[in-house]
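Participant: Top line first, the protein sequences correspond to chains A and B. The numbers in the first sequence follow our numbering, run straight up by one, and end at 480. The numbers in the second sequence follow our numbering, run straight up by one, and end at 173.
Derived by calculation from the structure, the hints in this document are not laboratory data. It is possible that part of the hints are untrue.
[Stated by the list, open to error] In silico negatives: residues of chain A with every beta carbon more than 10 Å from chain B: (1) L53; (2) R72; (3) Y113; (4) A115; (5) K142; (6) L166; (7) V167; (8) M207; (9) I237; (10) Y266; (11) T283; (12) E308; (13) Y321; (14) E385; (15) D396; (16) V478.
[As the list claims (entries may be wrong)] To give a feel for the contact side, a few chain B residues facing chain A, derived at Cβ under 10 Å: (17) T7; (18) V16; (19) L17; (20) A117; (21) H121; (22) G165.
Backbone N, C-alpha and C fix where the C-beta goes; we use that ideal spot for every residue, glycine too.
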Amino acid sequence: MSVVTNTTTIGAIEAPSRRNTELALLAFAVVIPVFAYLNVGLALDGEVPSGMLGYGLGLGLLAGVAHLVVRRFAPYADPLLLPLATLLNGMGLVLIWRLDQSPRLIALAKRQYGAFSASAPNQMMYSAIGIAMFVGVLLILKDHRVLQRYTYISMVAALILLLLPLVPGLGTDSFGAKIWIRVGGFSIQPGEFAKLVLAVFFSGYLMVKRDALALASRRFMGLYLPRGRDLGPILTIWAVSLLILVFENDLGTSLLFFGMFVIMLYVATERTSWIVMGLLMATGGAVFVSTFASHVQSRVAAWLDPFECLKTAPEGSNMAYACDQMTQVLMSFGSGGILGTGLGQGNSDLIQFAANSDFIFATVGEELGLTGVMVFLLLYGLIIERGVRTALAARDPFGKLLAMGLSGAFALQIFVVAGGVMGLIPLTGMTMPFLAYGGSSVIANWALIGILIRISDTARRPAPAPAPSPDAEMTQVVRP
Amino acid sequence: MSELTLTVMRLGFLAVLWLFVIVAVQVIRSDLFGTRVTQRGSRRQDARPQQNARQAASPPPQRGQQSAGGGRQRRGAPTKLVVSEGTLTGTTVALQGQTITLGRAHDSTIVLDDDYASSRHARIYPDRDGQWIVEDLGSTNGTYLDRTRLTTATPIPLGAPIRIGKTVIELRK
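Using the sequences plus the hints, can you model the full thing?
Facilitator: Right, dumping it as structure tokens:
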């Protein structure tokens, strides 16, 4: 019987924690933005920029803290998520700093607000808060399954977050959308946080109801329709959140929520009919909204033919403005070509308003060209891939659904923003995660990465040793 | 700053960005090309060096070696293992060059529900030439080929009964 002790069982392979891989990649991810910073400085002024050391050290410090916390509190987490997010955040800082240096944007800010304030230091602060949020998530959330207890609380929280901008005195109406609230001098976009909270609600609810949703259904015109009492609550919450969003003129986010809802339903029930129904409903909604909402009409016109629309739209109108922006964005991408003009040498600041937030991808397109755009899309793609991989590896259905929902929402956001900026779909004002200027977006997305890291840590952690099995009983000896 | 330097920096920066992506993809290569099945096999063999030392005559069985060295299986080689007596009567396992372990342990290829079998009772593996070998793993009641109790790793003739506790298995074409 001595044989038993020295044989390993199949399946109990020690998963390497891969923290050192993460550290090496993280160092690489900090060096790249510093290189980019140097590149911009040399191109703009011909000298090494003065703030390079500060930004490099700042980013390195934040990344180091995040790494140490992951090493201590989530040792088996996925090694790629943190470096990828850090690289995107660092490149965002450099691009925002580069647009801060643009004389055109400085002049525009002085004309509109009377003063110019640089965005890069603010973004650095938001990144620090974002990392703090990330650390907080890892420290407080020891096990993601705890979130399951707060299914209905998160439903209420998501609704409150979505309703906040409509509260008079708290919400502010800027740039045609009522999605910000103003608290003590800070603008917060609650929708970004509602994304996370809603994902928790959807996964908690679908985990309990998925069998009922998948099996207790009637067949109607080739589609499986679940019973009303199973579908009712979730459909209601979806409709309410959509209505609020339509009311607030934030269509990008409503598309995001709807897509996340459909993805999670599909993953939970494995019924293709949800995809069909989702696409039909999305098309219907898009047609409805584009016929009735005027600011969507101008976006659609700018999407269909921006150059023609620029000629025909009345001078100074909202539509002319949208079309002008879109033409500038397309010119940016076009003049970038394959290899780009080089960092700091493009003219993407001609986009003017929101050049460093909604349209930051145009700067990537112009200064790094198609080659750079592909890198950025791949970086986002890798984050999504790791998220989906985490969902596959997760052992509990709640973690599976949550990881899938979060990475699905992330993917949709990339699609909606990049597609809008490149002219594939009409533009909806949303921010490129990590890259674009905006506190709420950076903080919420760091929290998202934190949750994914927590789930992946649980999923990749080696399974506990199996309980002693009947094998352990003594073998009976044959007596001759 | 000269035009040349800026061009070099521009291209260099793109190269560095792509390098990062390539390194990142290398890290997850294991996900893209399947799981670590081969590692698992070699680990299992590493874990039992004493037995091999005890029975030094037997060559360590290795997956893949057969296909690397000999190519296709010889004519007349067995293709399946059949359980002909015992609780698992009628069970067949295709022989594809893999090591088959027998015993009451859950991770055995054939899990025997037999009070007279040990947890890790015996194993059957192909040697370098594709000849199937049975080896007793130090079991309590022993492994019998025909009527002789095995002491070393022994080649299995086609159709010869191998008795483990109350279970009898044989190799068939």
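Participant: Hints first: check each against the structure and report whether it holds.
Facilitator: Results for each hint:
For L53 (chain A), the non-interface assignment is confirmed: its Cβ lies about 19 Å from the closest Cβ of chain B, beyond the 10 Å cut-off. The claim that R72 (chain A) is not at the interface with chain B holds, since no C-beta of that chain comes within 10 Å of its own (minimum 21 Å). At roughly 33 Å, the least C-beta separation between Y113 (chain A) and chain B is larger than 10 Å, which holds for a residue marked as non-interface. Look at A115 (chain A): its CB is around 31 Å from the nearest CB on chain B, clear of 10 Å, so calling it non-interface holds up.
Distance check for K142 (chain A) against chain B: the nearest CB is about 26 Å away, which clears 10 Å, and the non-interface claim stands. The claim that L166 (chain A) is not at the interface with chain B holds, since no C-beta of that chain comes within 10 Å of its own (minimum 42 Å). At roughly 43 Å from the closest C-beta of chain B, the C-beta of V167 (chain A) stays outside 10 Å, upholding its exclusion from the interface. With a closest Cβ-Cβ approach of about 25 Å to chain B, M207 (chain A) is found to remain outside the 10 Å limit, as its non-interface label requires.
The Cβ of I237 (chain A) sits about 34 Å from the closest Cβ of chain B, beyond the 10 Å cut-off, so the non-interface label holds. Interface exclusion of Y266 (chain A) from chain B stands, the closest Cβ pair being 22 Å apart, more than 10 Å. At roughly 34 Å from the closest C-beta of chain B, the C-beta of T283 (chain A) stays outside 10 Å, upholding its exclusion from the interface. The beta carbon of E308 (chain A) is kept farther than 10 Å from every beta carbon of chain B, the shortest such distance being approximately 34 Å.
The beta carbon of Y321 (chain A) is kept farther than 10 Å from every beta carbon of chain B, the shortest such distance being approximately 33 Å. Not every Cβ of chain B is farther than 10 Å from the Cβ of E385 (chain A); the closest lies at roughly 7 Å, contradicting the non-interface assignment. Under the 10 Å C-beta cut-off, the non-interface status given to D396 (chain A) relative to chain B holds; the minimum distance is some 20 Å. V478 (chain A), annotated as away from the interface, has a beta carbon of chain B within 10 Å; the closest lies near 5 Å.
Because the beta carbon of T7 (chain B) sits about 7 Å from the nearest beta carbon in chain A, less than 10 Å, this interface hint is met. The beta carbon of V16 (chain B) comes within 6 Å of a beta carbon in chain A, closer than 10 Å, and the hint placing it at the interface holds. The restraint placing L17 (chain B) at the interface with chain A holds, with a minimum CB-CB distance near 4 Å, inside the 10 Å limit. For the restraint placing A117 (chain B) at the interface with chain A, the shortest Cβ-Cβ distance is roughly 7 Å, inside the 10 Å limit, so the hint holds.
Nearest Cβ of chain A to the Cβ of H121 (chain B): about 9 Å, under the 10 Å cut. The hint holds. Annotation: interface hint on G165 (chain B) holds; nearest CB of chain A at approximately 8 Å, less than 10 Å.
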